[in-house]
Each structure stands twice: as structure tokens, then as C-alpha cells.
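Residue numbering for the sequence shown is 95 to 210, as defined by this note's numbering.
Treat the hints loosely; a few may be bogus.
[To be verified] Subject to a maximum C-alpha distance of 20 Å in a straight line, what follows is the list of computed SDA-like cross-link-like pairs (lysine to any residue):
{"hint": "1", "residue 1": "Lys181", "residue 2": "Asp150"}
{"hint": "2", "residue 1": "Lys174", "residue 2": "Gln125"}
{"hint": "3", "residue 1": "Lys174", "residue 2": "Gly187"}
[Said to hold, decoys possible] Taking CB as the label site, the calculated pair distances span:
{"hint": "4", "residue 1": "Ala191", "residue 2": "Asn109", "range": "19 to 27 Å"}
{"hint": "5", "residue 1": "Glu144", "residue 2": "Ala117", "range": "29 to 37 Å"}
{"hint": "6", "residue 1": "Arg119", "residue 2": "Lys174", "range": "18 to 26 Å"}
{"hint": "7", "residue 1": "Leu106", "residue 2": "Pro145", "range": "17 to 25 Å"}
None of these hints come from the bench; they were simulated from the model.
All C-beta atoms, glycine included, are put in the ideal place defined by N, C-alpha and C.
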Amino acid sequence: LNEDLIGDSYELAYNLACAHMDAGRYREAEQLLRTSEGICRRVLAADECEPEEIADEVAIIQAQRSCALLQLGSTDMAVKLCLAVIKTKPRDGVVGAVAANNLAVLRKDRDLFDSQ
95 LNEDLIGDSY ELAYNLACAH MDAGRYREAE QLLRTSEGIC RRVLAADECE PEEIADEVAI
155 IQAQRSCALL QLGSTDMAVK LCLAVIKTKP RDGVVGAVAA NNLAVLRKDR DLFDSQ
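I would like the entire structure built from these sequences, with the hints used as guidance.
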């Protein structure tokens, strides 16, 4: 991770994480996604964005992070992230759908209706 390269760009950290995931480097991807989320929260709060806008941006990152965690075998944390994304009811329906799909894979068809 080159924090100097990323700076205050949570989008860059997110995109780098996606490239790592594509290459099967899930640990690096998960670390970058955690970094991306932290930068996102900090930058958007400093820009005085509405809490809903911050939640929407964070949901995208968390949905992707749940995929990395799933690949790493960290299913409990992946489930928690999916539930957090679903709970925020992101304005972008695709993000919620990805989280719901990830949750279905994680739970292997158990407790699917307990995602509220």
C-alpha cells in the first residue's frame, strides 16, 4: 500500500482494490477497501456532505469489501457488512442488490429473510 499515492482519493483506493481482487489478491484488496472507507468518511464529512450521501458512498465500498472478506473466509465480518449495507437502503439499488446477493451466498440460503 502506498498511502502517499492514494492521498485523499477514496476512489483511487477503491479502484486499486478492485484491481487486486481481479488478480486474486484479496488481502491487499480488503486492506485498500478499509483505507478507502476511512478516507471516504473523512473527506465527505469535511466537505459537509449529508449523512445519507456519505452512507451511500460507504455502502458501495462495504459491498465490495464483503466480497473480499468472503474470499478470505471471514464470513462473520462479510455478513455484518452486507447487513449494514442493506440496512442503509442505498439510493443505488444495484448496491443493495449486490449486498443481498452476497448475503445469500454467505448464508447459503439460511436466514435469508432475517436481513432487515
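Here's how the hints hold up against the structure:
1. For the suggested pair Lys181 and Asp150, the alpha carbons sit about 11 Å apart, so the restraint of at most 20 Å is met.
2. Annotation: proposed proximity of Lys174 to Gln125 holds, straight-line Cα distance about 17 Å (limit 20 Å).
3. A threshold of 20 Å between alpha carbons decides the hint, and for Lys174 with Gly187 the separation of about 19 Å falls inside it, so the pair holds.
4. Checked against the given bound of 19 to 27 Å, the beta carbons of Ala191 and Asn109, roughly 21 Å apart, stay inside it.
5. Between Glu144 and Ala117 the Cβ separation comes to about 35 Å, which falls inside the hinted range of 29 to 37 Å.
6. Range check, Arg119 to Lys174: Cβ separation about 23 Å, and the 18 to 26 Å hint holds.
7. Between Leu106 and Pro145 the CB atoms are about 24 Å apart, so this pair conforms to the stated range of 17 to 25 Å.
Hint compliance for this structure: every hint is met.
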